[in-house]
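Peer 1: Under my numbering, the first residue of the sequence shown is numbered 53, with each subsequent residue one higher.
Please note: incorrect hints may appear among the correct ones.
Said to hold, decoys possible - Derived pair list, reagent style DSS-like, types lysine-lysine, alpha-carbon separation capped at 25 Å:
no. : residue 1 : residue 2
1   : K220      : K161
2   : K218      : K202
3   : K135      : K120
4   : K58       : K120
5   : K173      : K202
6   : K103      : K58
7   : K101      : K120
Don't read these hints as lab results, they were simulated from the structure.
The structure presented is a predicted model; accordingly, all values stated were derived computationally and were not measured.
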Amino acid sequence: GMDVLKGNEGELDLNTFTGSVENADLFLQRNNIHLLAKQIWKTGPEEYKAKQATISTCPLPKQAWNFKCQDLKLTIGGLAFAKNSFFNIRDIPVLYSPWVVLPINKYRKTGVLLPDFSISKRNGAEINIPFFWAINDSMDATFYQHFMGKRGWMEGIEFRHIFSPKDKGILRYNFLVDT
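Go ahead and model the full structure; you've got the sequences and the hints to work with.
Peer 2: Shown next, in the form of structure tokens:
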């Protein structure tokens with residue numbers, strides 16, 4: 053299709069859709085994925101593995117954000133599995149994870165979002181763990197489990213819909229038994 057794979061040197065078998073490229077630059081148009089890697093292996097028609105990789109949906113050369121990782125695997129199902137990865141804003145590392153799973157297609161996926169940690173005098177130590185439910189193309193919901201050390205559990209839901217540019221809405225509900 054419109055995917056582009058460049059590199060210094062490599063080999064591809066067009067019958068099996070496999071091969072490898074060194075100092076590679078891969079652009080997957082359908083998912084708008086930019087991947088730079090020391091080495092990329094094409095392991096199937098739409099599957100890749102990479103070493104010392106940088107992945108983002110931001111265009112090169114100045115990416116607003118990216119993930120840099122030691123090992124990366126892209127699957128036909130639209131997921132990226134990364135090991136020893138850093139999430140960067142510009143070139144500044146913000147978050148480290150020994151492993152991370154990222155959706156890399158245009159479609160929303162149901163799953164747990166990044167937790168939020170904080171500390172305050174009023175609430176104490178806090179952790180908020182949101183769960184995102186992609187109901188369909190025009191509706192979704194986020195469920196919140198928010199623990200506050202001095203106040204207890206606050207649970208919440210946020211429901212969103214967009215049926216047309218003029219028919220959209222958000223409904224939020226939170227419940228707290230304040231201790």
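Peer 1: Take the hints in turn and mark each one as holding or not.
Peer 2: The hints, checked one at a time:
1. K220 to K161: Judged against 25 Å, a Cα distance of about 20 Å means the pair holds.
2. K218 to K202: Judged against 25 Å, a Cα distance of about 42 Å means the pair is violated.
3. K135 to K120: Holds, because 9 Å separates the two Cα atoms, which is no more than 25 Å.
4. K58 to K120: Satisfied, since the Cα-Cα distance of roughly 19 Å is no more than 25 Å.
5. K173 to K202: 9 Å, holds
6. K103 to K58: 15 Å, holds
7. K101 to K120: 14 Å, holds
Violated hints amount to a single one, hint 2; each of the other numbered hints is respected by the structure.
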